[in-house]
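Chemist: So you can see what is in the structure, the chains are spelled out below.
Number of protein chains: 2
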Amino acid sequence: MIFAPQSRKYVHMEDDKNTEKNISNLGEFGLIEHLTKNIQLYNKSTKLGVGDDAAVLKYGSNEILISSDLLTEGIHFDLIYSPLKHLGYKAAVVNFSDIYAMNGIPRQITLALAVSQKIKLSMLEEFYSGINLACEKYGVDFVGGDTSTSLTGMHIAITVVGEAKKGKITFRKGAKTNDLICVSGELGGAYMGLQLLEREKKLFLSGNVEQPILEGHSYILEKQLKPEARKDIVQLFETIDLVPTAMIDISDGLSSDIFHICKQSDSGCKIYAEKIPIHHETKKMADEFNIDPLIAAFNGGEDYELLFTVSPNDFDKISNRPEITIIGYITDKQEGKYMVTKENQLIELQAQGWDTTKA
Amino acid sequence: MIFAPQSRKYVHMEDDKNTEKNISNLGEFGLIEHLTKNIQLYNKSTKLGVGDDAAVLKYGSNEILISSDLLTEGIHFDLIYSPLKHLGYKAAVVNFSDIYAMNGIPRQITLALAVSQKIKLSMLEEFYSGINLACEKYGVDFVGGDTSTSLTGMHIAITVVGEAKKGKITFRKGAKTNDLICVSGELGGAYMGLQLLEREKKLFLSGNVEQPILEGHSYILEKQLKPEARKDIVQLFETIDLVPTAMIDISDGLSSDIFHICKQSDSGCKIYAEKIPIHHETKKMADEFNIDPLIAAFNGGEDYELLFTVSPNDFDKISNRPEITIIGYITDKQEGKYMVTKENQLIELQAQGWDTTKA
Numbered sequence: 005m006i007f008a009p010q011s012r013k014y015v016h017m018e019d020d021k022n023t024e025k026n027i028s029n030l031g032e033f034g035l036i037e038h039l040t041k042n043i044q045l046y047n048k049s050t051k052l053g054v055g056d057d058a059a060v061l062k063y064g065s066n067e068i069l070i071s072s073d074l075l076t077e078g079i080h081f082d083l084i085y086s087p088l089k090h091l092g093y094k095a096a097v098v099n100f101s102d103i104y105a106m107n108g109i110p111r112q113i114t115l116a117l118a119v120s121q122k123i124k125l126s127m128l129e130e131f132y133s134g135i136n137l138a139c140e141k142y143g144v145d146f147v148g149g150d151t152s153t154s155l156t157g158m159h160i161a162i163t164v165v166g167e168a169k170k171g172k173i174t175f176r177k178g179a180k181t182n183d184l185i186c187v188s189g190e191l192g193g194a195y196m197g198l199q200l201l202e203r204e205k206k207l208f209l210s211g212n213v214e215q216p217i218l219e220g221h222s223y224i225l226e227k228q229l230k231p232e233a234r235k236d237i238v239q240l241f242e243t244i245d246l247v248p249t250a251m252i253d254i255s256d257g258l259s260s261d262i263f264h265i266c267k268q269s270d271s272g273c274k275i276y277a278e279k280i281p282i283h284h285e286t287k288k289m290a291d292e293f294n295i296d297p298l299i300a301a302f303n304g305g306e307d308y309e310l311l312f313t314v315s316p317n318d319f320d321k322i323s324n325r326p327e328i329t330i331i332g333y334i335t336d337k338q339e340g341k342y343m344v345t346k347e348n349q350l351i352e353l354q355a356q357g358w359d360t361t362k363a
Numbered sequence: 005m006i007f008a009p010q011s012r013k014y015v016h017m018e019d020d021k022n023t024e025k026n027i028s029n030l031g032e033f034g035l036i037e038h039l040t041k042n043i044q045l046y047n048k049s050t051k052l053g054v055g056d057d058a059a060v061l062k063y064g065s066n067e068i069l070i071s072s073d074l075l076t077e078g079i080h081f082d083l084i085y086s087p088l089k090h091l092g093y094k095a096a097v098v099n100f101s102d103i104y105a106m107n108g109i110p111r112q113i114t115l116a117l118a119v120s121q122k123i124k125l126s127m128l129e130e131f132y133s134g135i136n137l138a139c140e141k142y143g144v145d146f147v148g149g150d151t152s153t154s155l156t157g158m159h160i161a162i163t164v165v166g167e168a169k170k171g172k173i174t175f176r177k178g179a180k181t182n183d184l185i186c187v188s189g190e191l192g193g194a195y196m197g198l199q200l201l202e203r204e205k206k207l208f209l210s211g212n213v214e215q216p217i218l219e220g221h222s223y224i225l226e227k228q229l230k231p232e233a234r235k236d237i238v239q240l241f242e243t244i245d246l247v248p249t250a251m252i253d254i255s256d257g258l259s260s261d262i263f264h265i266c267k268q269s270d271s272g273c274k275i276y277a278e279k280i281p282i283h284h285e286t287k288k289m290a291d292e293f294n295i296d297p298l299i300a301a302f303n304g305g306e307d308y309e310l311l312f313t314v315s316p317n318d319f320d321k322i323s324n325r326p327e328i329t330i331i332g333y334i335t336d337k338q339e340g341k342y343m344v345t346k347e348n349q350l351i352e353l354q355a356q357g358w359d360t361t362k363a
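Residue numbers (our numbering), protein chains in the order written: chain L, 5 to 363; chain E, 5 to 363.
Same shape as in the complex, but just chain L (with noise of 0.2 Å):
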């Protein structure tokens, strides 16, 4: 390919006014899907490309998931209330929630990371102490690094490898009608905890206390700041023998993510709201800010939560697991997606999640 210098032009950002289609009305999920459309695959080695939790590999009788997040400062963190040893550890912890919510183990991570001058040594220092403690506490080893210098912000990618039994690996597809939807653990509390962050720095900036108040909350900023990942909830189904229909982890929040499981299932949905799973910590804190515990379960993200659909059939293998909530069931496509008021009443959900225009 030749290289024509002189039909380029150069080009200068901040004259860049046009109208063209704009990325903030496609959202993320539309924009990737956008952006990928015209991908092609060229070695057999590739089983699944882009469009789950990991990407599938096949190496030998070994299949092999890989799969890749970047977080910003600014946008996935602020770095004036999380800890770099917290940073690190939730920054592996929540790519190792991928590979589980494939049904696989994580073996392996690389870090890229840029950071910019403020970041001194030691805090780099607690940044990877963080890692080392979730790859020592899961399992999995820290193989691959590059470290620059970022001229703003600081910036974590890191790619996760793991590994799944043949056959086992599920899929976001694979929910059938009347299958049992179940999450793990309970919902919203990563969310409220991000409220109450977001407060009490602002208080704090304000000058108006010494030092926030975080005392009796530490479960939801545990939530938000140390999440873990459920390498428990898969050994599970190792020693139980289930294999869900479909999975997913509970990134965006509730909504998104069975939006996810139904479109890519081409079904709909039946949630029951009392059914949610909701810890105390969480509607107290709720009830303090003065909206619904509901609002943080479906839209607030960031619970790393498995959430996984399972055959009728399998219903005595999860019901009385304390671990796992059956909230709700898979329905044919065409009867929609809903939840289910204790009032019976159906209101529709819709798809949130994190979307540029708020970011």
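Hints listed in this document are in silico derivations from the structure and should not be mistaken for laboratory results. Glycine included, each C-beta is placed from N, C-alpha and C at the ideal position. Do not take every clue at face value.
[What the hints assert, rightly or not] Subject to a maximum C-alpha distance of 30 Å in a straight line, what follows is the list of computed DSSO-like cross-link-like pairs (lysine-lysine): (1) L:K51 <-> E:K51; (2) L:K48 <-> E:K48; (3) E:K235 <-> L:K62; (4) L:K169 <-> E:K267; (5) L:K48 <-> E:K169; (6) L:K141 <-> E:K141; (7) E:K267 <-> E:K321; (8) L:K62 <-> L:K206; (9) E:K169 <-> L:K170; (10) E:K48 <-> L:K235; (11) L:K170 <-> E:K170; (12) L:K41 <-> E:K141; (13) L:K235 <-> E:K51.
[Said to hold, decoys possible] Covered by chain E, per the in silico footprint, the following chain L stretches (three or more residues, Cβ under 8 Å): (14) 54 to 64; (15) 72 to 79; (16) 160 to 168.
[Stated by the list, open to error] With beta-carbon atoms standing in for the labels, derived distance ranges: (17) E:K48 <-> L:K288: 44 to 52 Å; (18) E:K41 <-> L:P326: 37 to 45 Å; (19) E:E130 <-> L:D270: 27 to 35 Å; (20) L:Q354 <-> E:Q44: 38 to 46 Å; (21) L:T243 <-> E:K51: 27 to 35 Å.
With chain L's structure known, arrange chain E on it following the hints.
Modeler: Same frame as chain L, but now just chain E:
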């Protein structure tokens, strides 16, 4: 682990003017070494972690290579003179280069991308089309993506997965005394391309020219803006049944990169100045800037040529290849690392390459 919010302190970055150990003093390589020294490995599928161009994993009977890079605006590229399509192409290719540098074949990439509001959809489309073009040309599958907003700047993290035949992986550490030091292609071009672009940018921004004068410099501009990785050289090794004893791709400049080989191989080197292959356009531009073209080759970086060592017994296999130049040989460690001038003077090499103090 109990989360203890009461023990945390709000960190106010601007106030953090202490005199602790500075990142700049360590440099990139020292920094990565410092930060990764506590890493433990837990999985038998991890054969090699941090420290080479790629990590080596073993799944089934195959050896898999994995490497990640982050490119950040203002440090690694300037959108004023980097067309987005070229940038996508380069971001992919420099990652492929890390796999070729291990004597492997890149198979899959994932992309994590953060862009600020100034990036329009059409620019993102251009960027993706550049990645797709690189993938098509090199036969690599684009299997995963994460796209989000950033407050400022564009940040590109790519992870590449590659494959290598058992026993064919080439590390930095295998060079032996008397091995021949070889490079592919020609050196210093990317650096002189960058000097030209920076000069023209200054003139353009000062309003002294309407369009930059880039005609007649397509070789050095292409080396900088749209480099290629040496897939052909790795294929040649296969054809002529040659396994280099050590290999690295030249991303930081000949000097830095031979330092990596010497350090990990516990050896020294002699490199003959007269043998360094330099393109006539590189020489001409170095002349214009009144700098020694050897500086561009030794300190410039970003050439993405392969630097490798071969056993003297393999001399015949490479001696008549126009795409390969023998530039020196490996010595015992205590003999040091030297460039030999045409007047037969010895000049001690310095590790150069990227350094945070210059960024």
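Chemist: Please go over all the hints and tell whether each is borne out by the structure.
Modeler: How the hints compare with the structure:
Between L:K51 and E:K51 the alpha-carbon distance is near 24 Å, which keeps this suggested pair within the 30 Å criterion. Proposed proximity of L:K48 and E:K48 is supported: the alpha carbons are some 25 Å apart, at most 30 Å. Using a Cα cut-off of 30 Å, the hinted pair E:K235 and L:K62 holds, with the two alpha carbons roughly 22 Å apart. Simply put, L:K169 and E:K267 have alpha-carbon atoms about 40 Å apart, too far for the 30 Å limit, and the pair is violated.
A threshold of 30 Å between alpha carbons decides the hint, and for L:K48 with E:K169 the separation of about 16 Å falls inside it, so the pair holds. Taking the CA atoms of L:K141 and E:K141, the gap is about 41 Å. The hint is violated against a cut of 30 Å. Our distance criterion of 30 Å between C-alpha atoms is met by E:K267 and E:K321, whose separation comes to about 26 Å. Taken as a hint, the L:K62 and L:K206 pair is broken in the structure, with Cα atoms around 49 Å apart against an allowance of 30 Å.
Under the criterion of a C-alpha separation no larger than 30 Å, the hint pairing E:K169 with L:K170 is consistent with the structure, at around 23 Å. Straight-line distance between C-alpha atoms of E:K48 and L:K235 comes to about 19 Å, which keeps the hinted pair within the 30 Å bound. Of the supplied pair hints, the one linking L:K170 and E:K170 holds, its CA atoms being roughly 23 Å apart against a limit of 30 Å. Distance restraint check for L:K41 and E:K141: the Cα-Cα separation of roughly 18 Å lies within the 30 Å cut-off, and the hinted pair is therefore satisfied.
Using a Cα cut-off of 30 Å, the hinted pair L:K235 and E:K51 holds, with the two alpha carbons roughly 24 Å apart. Under a criterion of three residues with beta carbons nearer than 8 Å to beta carbons of chain E, the stated coverage of the region 54 to 64 of chain L is upheld, 6 such residues being counted. With 7 residues having a Cβ less than 8 Å from any Cβ of chain E, the region 72 to 79 of chain L passes the three-residue criterion, so the hint holds. Only residues whose beta carbon comes within less than 8 Å of a beta carbon in chain E count, and the region 160 to 168 of chain L has 4; three or more means the coverage holds.
Between E:K48 and L:K288 the beta carbons are some 46 Å apart, a value that agrees with the proposed interval 44 to 52 Å. Separation of E:K41 from L:P326 is about 42 Å and conforms to the stated range, judged on CB atoms against 37 to 45 Å. Range check, E:E130 to L:D270: Cβ separation about 33 Å, and the 27 to 35 Å hint holds. For the pair L:Q354 and E:Q44, the beta carbons lie near 45 Å from each other, so the given range of 38 to 46 Å is met.
Taking the beta carbon of each, L:T243 and E:K51 are about 30 Å apart, inside 27 to 35 Å as hinted.
Of the numbered hints given earlier, the model fails hints 4, 6 and 8; all others are met.
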